[in-house]
Amino acid sequence: MHSAVAHHFESLEKQGQAQRLGMWLFLATEVLLFTALFAAYGVYRYLYTGAFSQASRGLETWMGGVNTFVLVTSSFTVAMGLDAIVKGKNKRTGLLFGLSILLGCTFMVLKGFEYRHHFLHAELPGPFYGGPIAGSGGSMFFALYFLITGLHAFHVLIGMTVLGVIGARTWLGKYDAEHHVPVELAGLYWHLVDLIWIFVFPLLYLI
Amino acid sequence: MNEFLRKLLFLPPQLSQHARDVDGLHFFVIITTMVAGLLIFATALVFMIRYRRRQEGESTPEVQPKHWHEAVFVGVPLAFFLLWFAIGYPQYVETTQPPPGAMDVFVQGKKWMWKFAYQGGPSSLDVLRVPVGRPVRLLITSRDVIHSFYVPELRLKQDALPGRYTQTWFQAEQPGRYQVFCAEYCGLSHSGMLAELVVLPAAEFDAWIADQRRGEARAQDAALSAGEQALPGSSILEQGRRVAADQGCLKCHSVDGTRHIGPTFIDLYGRQEKLTTGEVITADEAYLTRSMMDPAAQLVAGYQNVMPSFQGRMTPPEVAAVVEYIKSLKTPAVAAGPSEGPVYEPTPRK
Amino acid sequence: MSQHLESSPPVYAERNYLNTPATGLKSWLTTLDHKRIGVMFLIATLFFFAVGGLFAMLIRIELLTPGPTIMDAMTYNRLFTLHGVVMIFLFMIPAIPSGFGNFLLPIMVGAKDVAFPRLNLLSFYIYLLGAVIALGGMIYGGADTGWTFYTPYSTTTTTKVVPILLGAFILGFSSILTGLNFIVTVHTLRAPGITWNKLPLFVWSIYGTSVIQILATPVLGMTLLLVAIEHAFGWGIFDPGRGGDPVLFQHFFWFYSHPAVYIMVLPAMAVISEVVCAFSHKNIFGYKAVAYSSLGIAFVGFFTWGHHLFTSGQSAFNAGIFGVLSMFVGIFTAIKIFNWVATMYRGSISFKTPFLYFIGFLFFLFFGGMTGIALATVSLDIHWQDTYFVVAHFHFIMVGSTIMAFLAALHYWWPKITGRMYNERWGLVGATLVVSGFVFTFLPQFLLGNEGMPRRYFNYPERFQALNVASTAGASVLGIGFLIILIYILVSLKYGPVAGPNPWGSRGYEWLTPSPPPLENFDVLPAFERGPHEYHELPGSESAAPGAGTSHA
Ligand code: HEA
Ligand code: HEA
Ligand code: CUA
Ligand SMILES: [Cu+2]
Chain A
1 MHSAVAHHFE SLEKQGQAQR LGMWLFLATE VLLFTALFAA YGVYRYLYTG
51 AFSQASRGLE TWMGGVNTFV LVTSSFTVAM GLDAIVKGKN KRTGLLFGLS
101 ILLGCTFMVL KGFEYRHHFL HAELPGPFYG GPIAGSGGSM FFALYFLITG
151 LHAFHVLIGM TVLGVIGART WLGKYDAEHH VPVELAGLYW HLVDLIWIFV
201 FPLLYLI
Chain B
1 MNEFLRKLLF LPPQLSQHAR DVDGLHFFVI ITTMVAGLLI FATALVFMIR
51 YRRRQEGEST PEVQPKHWHE AVFVGVPLAF FLLWFAIGYP QYVETTQPPP
101 GAMDVFVQGK KWMWKFAYQG GPSSLDVLRV PVGRPVRLLI TSRDVIHSFY
151 VPELRLKQDA LPGRYTQTWF QAEQPGRYQV FCAEYCGLSH SGMLAELVVL
201 PAAEFDAWIA DQRRGEARAQ DAALSAGEQA LPGSSILEQG RRVAADQGCL
251 KCHSVDGTRH IGPTFIDLYG RQEKLTTGEV ITADEAYLTR SMMDPAAQLV
301 AGYQNVMPSF QGRMTPPEVA AVVEYIKSLK TPAVAAGPSE GPVYEPTPRK
Chain C
1 MSQHLESSPP VYAERNYLNT PATGLKSWLT TLDHKRIGVM FLIATLFFFA
51 VGGLFAMLIR IELLTPGPTI MDAMTYNRLF TLHGVVMIFL FMIPAIPSGF
101 GNFLLPIMVG AKDVAFPRLN LLSFYIYLLG AVIALGGMIY GGADTGWTFY
151 TPYSTTTTTK VVPILLGAFI LGFSSILTGL NFIVTVHTLR APGITWNKLP
201 LFVWSIYGTS VIQILATPVL GMTLLLVAIE HAFGWGIFDP GRGGDPVLFQ
251 HFFWFYSHPA VYIMVLPAMA VISEVVCAFS HKNIFGYKAV AYSSLGIAFV
301 GFFTWGHHLF TSGQSAFNAG IFGVLSMFVG IFTAIKIFNW VATMYRGSIS
351 FKTPFLYFIG FLFFLFFGGM TGIALATVSL DIHWQDTYFV VAHFHFIMVG
401 STIMAFLAAL HYWWPKITGR MYNERWGLVG ATLVVSGFVF TFLPQFLLGN
451 EGMPRRYFNY PERFQALNVA STAGASVLGI GFLIILIYIL VSLKYGPVAG
501 PNPWGSRGYE WLTPSPPPLE NFDVLPAFER GPHEYHELPG SESAAPGAGT
551 SHA
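Sequence lines, in order, name chains A, B and C.
Just so you know, we're using my numbering here: the first sequence kicks off at 1 and counts up by one.
Just so you know, we're using my numbering here: the second sequence kicks off at 1 and counts up by one.
Just so you know, we're using my numbering here: the third sequence kicks off at 1 and counts up by one.
Only chain A is shown next, with the shape it has when bound in the complex (with noise of 0.2 angstroms):
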């Protein structure tokens, strides 16, 4: 039997099937977390109609936009990355992995520009909030802003790194054709982050 069988399952394909299943069911924990968010934010967007989408129009759509494809095409590479640890190119796999995570790093540093627009703006939540607008609405656009895409690049931040010990661990030889199910599961964590982020952008930016 393969080293990597865990002593209760009878065969390495067994324990792959009950790791997915796993990963999936942890993924579906981890939407439920993100729409306990989306619902507050449905419900003030249609309590304060106007002055949400005039904050939304006030954010860099284009900065948005272009971390929407810098993450697609991330989660393009960890694919990439997937299809060679199948056909057992480890190095391979290591590499694109470690793309990813530049690309995720990009993503990061391209938000953290956007923070500052916010911070220098006063586009802040709560209380903080300076910005044009009047009443409630803006400061609770900001306070949802910044939790929704806050949490989002807490999960690129994990993601990351699960990428990086992963794809380390590829490099050196511990997955392999046989044996890549933590490879895969680290790269379905890596598509929910990016899916996340294509329900994120145009609730946020575009409608």
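Hints should not be assumed to be uniformly reliable.
[Said to hold, decoys possible] With a straight-line Cα cutoff of 25 angstroms, these simulated BS3-like cross-link-like pairs (lysine-lysine) come out: (1) B:Lys66 - C:Lys288; (2) C:Lys288 - C:Lys198; (3) C:Lys198 - B:Lys66.
It is worth saying that the hints were derived from the structure and are not from the lab.
Just so we're clear, the structure is a prediction, and the values are computed from it rather than from any experiment.
Given chain A, work out where chains B and C with the ligands should sit, using these hints.
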């Protein structure tokens, strides 16, 4: 029958038709529950006795349900549940739709008191007067956290939410005095946030409200603009006393030396107060004003930080009036000479 | 102690999970064995039960007289908050799933362990971390918000809500990890022969619980985090002063917390389905109905949260929807109750302690559940909302039925977990005291609620005193009952007679292995030919029913 069941279940008297209707449903539900319970537990008891183990290692047959078993298990309770809902829901909807022409009373909850304001100006603290036999609509809101207006005799309860109005209505049928509770947890004195519902005969009520309107020529809705009204002319101490009562200071501060949620007002002016920081300060005008505007800044030792800020809730003349009023509160013995520090003894707690 | 056991030869598995691979404290704290993790969860949760119970006793003493009896209002407000938080987050939610579930579920599906043993241990440590943070918050000052943390009170109070919220947030992850582990285990690690239709009912119910844990807990986590952020920085999400909506918090909170009540009751039902079969010595009546109704509860339970908001000013339309759906949730419980009663029909019932708790359970679940239905009829709830009627409703269900089930489980699986029998006569005494003390404590509270006494009241008008005194008296009986149980069960650890693999003559899969079970659960994996709830004689085979005490190991 109604009276018997009501007393058996410890329900308070029914003050309105709505209360009677709700109790009717209550009796229906409880009787069905008891009967169903009796049937289920009698069956269980029979099984337990009849099929008790007589010897070790007995074998038992396999018994499987037929479809109609499960249909009964689902159908019978569901039928009852939905029937109850079909009775109860319209009763609830009725309480959300006040009849046209109902008299409006604005209710405002605030830590920890109820303020009632009538159209045309009159308002009162912790006493809600209504006429018998006329529909009354309550428009309820809160100044700080969530409270809930609850009169058991009316079988009515409605949350008071900060920043929005909720409503409910009732029509009381007997004159009398009934307790109003706060039913949503709101902090230290939640259980002390009581008020009284006084149901007056219609004529008496009309006389009372006319009297009030004459006395207080306030054109505005007190509830909507509390804090901004002009002070009715009278002596400044009288104004101060009235503001202190209206703003609820007296809910927490006594004027007779007893220790309450906050320190007593009597002999407060000029007193040496020990703060939680250990610092000792003298209560002068500035300190009194600061205590109202930013109570958390300087806490008196031995008290919780629960006093709300009155910043923006009182006009400057009102603040001045309250300060003057507090300054006037002296125990006779020391009133003549200069203040000699704290004279009051906090009443020992049990 | 019943007769037949003493006559049968003592069977005590010499090499079992308690002494292999090692016995030291370190080997426990670093163990990956699901049984040991389950036992550690049990000990921890029992400790918190005692803490929460202590708070409850102080509450009851305080309510003996109107006005201050032994404490001031602030202390009282903190006490009921901590009582609620400890009992719900630290005791009830983890107790049966993480404790008994961890111990039993892998054995019941014929697996050597849960799918992710490391995650399982992590879940325990996350639990401890959350507990320590929450406990720290309590010692440091405690919160006075009620376990519901309603905004804007919770975001403006000066007490230490942040550590309590953070603790509950962290505990959520423990719950999520355990649920995730169970679902994957049931899907991928069932032994050959255990098909979905031969899955023990315990497993079905725990499975349903896990689904709820995974779906509801993240939303709660986010909500509590928002409250903590609001409290710390004042961002205004729930603050009406900044345009926030305080009722939105209530929706978020109950979206989790209503399903959470089923997280608490489904495991109880899991236990009871096993107990009723084992002690009636008969197959379950309507296996499929009982199994699928767990999933029904898990599903419909997500759409009834609004019944906690009938007085909060939500639209009448919402109230109607949530009311009707609450009625449907009741049906699944009704199915179970009827099937359990029917299971006794033509059985061979032995009145051991777990069965006594089953009787108590049935009683409390029925009346607790029916008062839940009464609350869901909307117009009645308007009178009862936030009165002692609600307190009595949920204590009937949570303490009444769930604790009964917890105690039934403790007694039923005690021999499996420790290899020893407790004293049956003391068991009877304990059960009598607990059940009757319970009725005395909470029955008066229904009447108090009818009379109109609101909950979370430090002080109350004189006319409520008589019933309050009755309730306190009942609580003291309850306390004594628990103490007796604690004592005799500890005594049995050392002096109890050796139990043997199957002292009850049960058909459950967990009884096919020695007590206490060996390290990887089965020395030889059984074939699992019979269902776990089948007691009838198979045609052709004689004495197929295992007599009590017969060894299969
Ligand atoms: C384990 C916990 C648990 C469980 C299982 C339940 C089960 C139910 N609960 Fe309860 N509930 C709580 C714990 C629980 N509850 C708590 C903690 C609170 C208060 C929280 C707080 O505010 O602090 C609460 C509050 C609460 C309220 C809000 C009260 C208020 O604050 O105003 C409502 C309202 O509808 C309600 C309803 C129900 C219903 C319909 C069920 C149903 O699931 C019950 C179903 C069971 C049955 C129906 C019994 C079986 C039926 C039969 C055998 C049928 C036979 C009948 C005939 C033939 C007629 N619950
Ligand atoms: C599972 C949950 C649970 C449990 C078990 C209990 C158990 C008890 N509860 Fe509690 N209760 C809640 C959950 C629970 N409660 C919640 C959620 C609230 C609402 C809080 C809020 O408003 O925010 C509440 C509120 C609440 C109130 C209302 C307070 C108020 O509104 O002002 C009261 C008042 O009587 C009360 C009493 C009791 C009593 C007497 C017990 C007794 O049953 C306790 C008996 C237990 C003991 C005495 C412990 C003794 C144990 C040992 C000695 C060790 C035992 C060891 C073994 C068995 C091995 N509870
Ligand atoms: Cu106001 Cu409770
Ligand atoms: Cu509920």
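Hint numbers the structure violates, sorted upward? none
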